[in-house]
Amino acid sequence: MANGRAVSQFTNNYELPKKVGIIYSDVRREYFPTEEQYITEKDAKRDASLVVPYLEKMNIQVVLYPGNADLSDRLRKDKPDMVINLVDSVRGNESLASSIPGVLELLEIPYTGGDILGLSLTYNKFLVKKILQQNGVPVPHYQLFNSPSDYLDPTLRFPLISKLNEIHGGVEISRDAVSENERHLRERLRFLISTYKQPVLVEEFIVGREITCMLLEGLNKKVYLAEKIFTRRGDKYIFSTFEDQWISKTGEAFFYQKYDDPLLKEYVKKAFDVTKMYDYGKFDVRLDQSGRYFFIDSNCNPAFGPKEADVAISNILDMYGVNFTEILKRLLLNTIRDAQGRERLPSTPDEAT
1 MANGRAVSQF
11 TNNYELPKKV
21 GIIYSDVRRE
31 YFPTEEQYIT
41 EKDAKRDASL
51 VVPYLEKMNI
61 QVVLYPGNAD
71 LSDRLRKDKP
81 DMVINLVDSV
91 RGNESLASSI
101 PGVLELLEIP
111 YTGGDILGLS
121 LTYNKFLVKK
131 ILQQNGVPVP
141 HYQLFNSPSD
151 YLDPTLRFPL
161 ISKLNEIHGG
171 VEISRDAVSE
181 NERHLRERLR
191 FLISTYKQPV
201 LVEEFIVGRE
211 ITCMLLEGLN
221 KKVYLAEKIF
231 TRRGDKYIFS
241 TFEDQWISKT
251 GEAFFYQKYD
261 DPLLKEYVKK
271 AFDVTKMYDY
281 GKFDVRLDQS
291 GRYFFIDSNC
301 NPAFGPKEAD
311 VAISNILDMY
321 GVNFTEILKR
331 LLLNTIRDAQ
341 GRERLPSTPD
351 EAT
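Going by the working numbering, the first residue of the sequence shown is number 1, and it counts up by one from there.
Hints listed in this document are in silico derivations from the structure and should not be mistaken for laboratory results. Honestly, I wouldn't trust all of these hints.
As the list claims (entries may be wrong) - Below, a list of computed lysine to any residue pairs in the SDA-like style, where the Cα atoms sit at most 20 Å apart:
1) K197 <-> Q143
2) K236 <-> A253
3) K197 <-> S95
4) K77 <-> Q61
5) K18 <-> S95
6) K18 <-> R330
7) K45 <-> Q143
8) K130 <-> K77
9) K329 <-> K130
10) K197 <-> P148
11) K19 <-> A339
12) K276 <-> Q61
Unchecked claim - Quick list of simulated restraints, FRET-style, between CB atoms:
13) P262 <-> G102: 35 to 43 Å
14) Y151 <-> I39: 46 to 54 Å
15) L263 <-> Q134: 15 to 23 Å
16) V207 <-> R74: 45 to 53 Å
All of these numbers come straight from a predicted model, not from anything done at the bench. For every residue, glycine included, the Cβ atom is placed at its ideal position computed from N, Cα and C.
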């Protein structure tokens, strides 16, 4: 039994739930200050729906819930055995996404992904940088700007890249995001801070290769690495822009290629643990010409779905022979195991795929 409700039997002496809820972002255009940010979430319900047939093939009943004010009442009425949490924002505010696990904790409903603390951290990139740095995970030199006129740390070396501190999805990561001088940087800061009403994280741009790192928990932690091979040529600085992620067709801007390094895998496991992620997580890493790694982004509860959703977790794990059905089973069993009182496992040597 899990939370006092019946579950169906599965292999390895674990049990899969009979009824699963999927919570997705309740998206309206008026919630977002720009069309760009709205684009990153406008298909939230559609993306959640793509997961449904995979669960139904496991003989699991599925209920979809928008993450809004009616959520608590609907969950009380339906009583799902567990929930897959796909919410990225509440009323367009990403930092409020941590309120969803808060509701689930109060109702004592098991759920996938980050808890209140993990989600709160992921929406403060500056704090994540501090935590990684304090735990020996390499990051570029950085500074948080609360206003365009803040003092510029003279130890920062141009080129610098500016990122919204509390918004993911590559919002405002364009070719104009990289500054080669202070005048351009100040102009960029004025635009971002006035438009989005939040601090901006500025960090040294690392010239080199880019690696996407996915971690998926099963019986232990398994890391999957893939290098982004960019097809675009001629740009002075090569990196994944908002347009690459949301406007370009699949494979048009870049494609993935397997990558392997035991050192990077250990860094990923450490980063996953210290930033309080659970079940699955994603990190973007740059590799400079000297062979040094720099963690440039961290995503608790990254975009989730099958290959037809065109998200990193499925595209990368498919290269390693792990299909979306297997990904789902691992997440469901992790959640049920936790609900039955088993502690989350520490990092251990990689399990077989």
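Hints versus structure:
Between K197 and Q143 the alpha-carbon distance is near 17 Å, which keeps this suggested pair within the 20 Å criterion. Between K236 and A253 the CA atoms are separated by roughly 15 Å; this keeps the pair inside 20 Å, and the hint holds. Pair hint K197 plus S95 holds up; C-alpha atoms about 13 Å apart against a cutoff of 20 Å. Restraint check for K77 and Q61: the C-alpha separation of about 15 Å stays at or below 20 Å, so the hint holds.
For the suggested pair K18 and S95, the alpha carbons sit about 31 Å apart, so the restraint of at most 20 Å is broken. Distance hint between K18 and R330 is fulfilled; the C-alpha atoms sit about 15 Å from each other, no more than 20 Å. Taking the CA atoms of K45 and Q143, the gap is about 36 Å. The hint is violated against a cut of 20 Å. The straight-line distance between the Cα atoms of K130 and K77 is roughly 42 Å, outside the 20 Å bound, and the hint therefore fails.
Straight-line distance between C-alpha atoms of K329 and K130 comes to about 34 Å, which puts the hinted pair past the 20 Å bound. A hinted pair counts as satisfied when its Cα atoms are at most 20 Å apart, and K197 with P148 qualifies at roughly 12 Å. The straight-line distance between the Cα atoms of K19 and A339 is roughly 15 Å, inside the 20 Å bound, and the hint therefore holds. Between K276 and Q61 the alpha-carbon distance is near 30 Å, which puts this suggested pair outside the 20 Å criterion.
In this structure, P262 and G102 meet the distance hint of 35 to 43 Å, their C-beta atoms being roughly 37 Å apart. Between Y151 and I39 the beta carbons are some 34 Å apart, a value that contradicts the proposed interval 46 to 54 Å. Between L263 and Q134 the C-beta distance comes to about 19 Å, which sits within the given range of 15 to 23 Å. Between V207 and R74 the Cβ separation comes to about 49 Å, which falls inside the hinted range of 45 to 53 Å.
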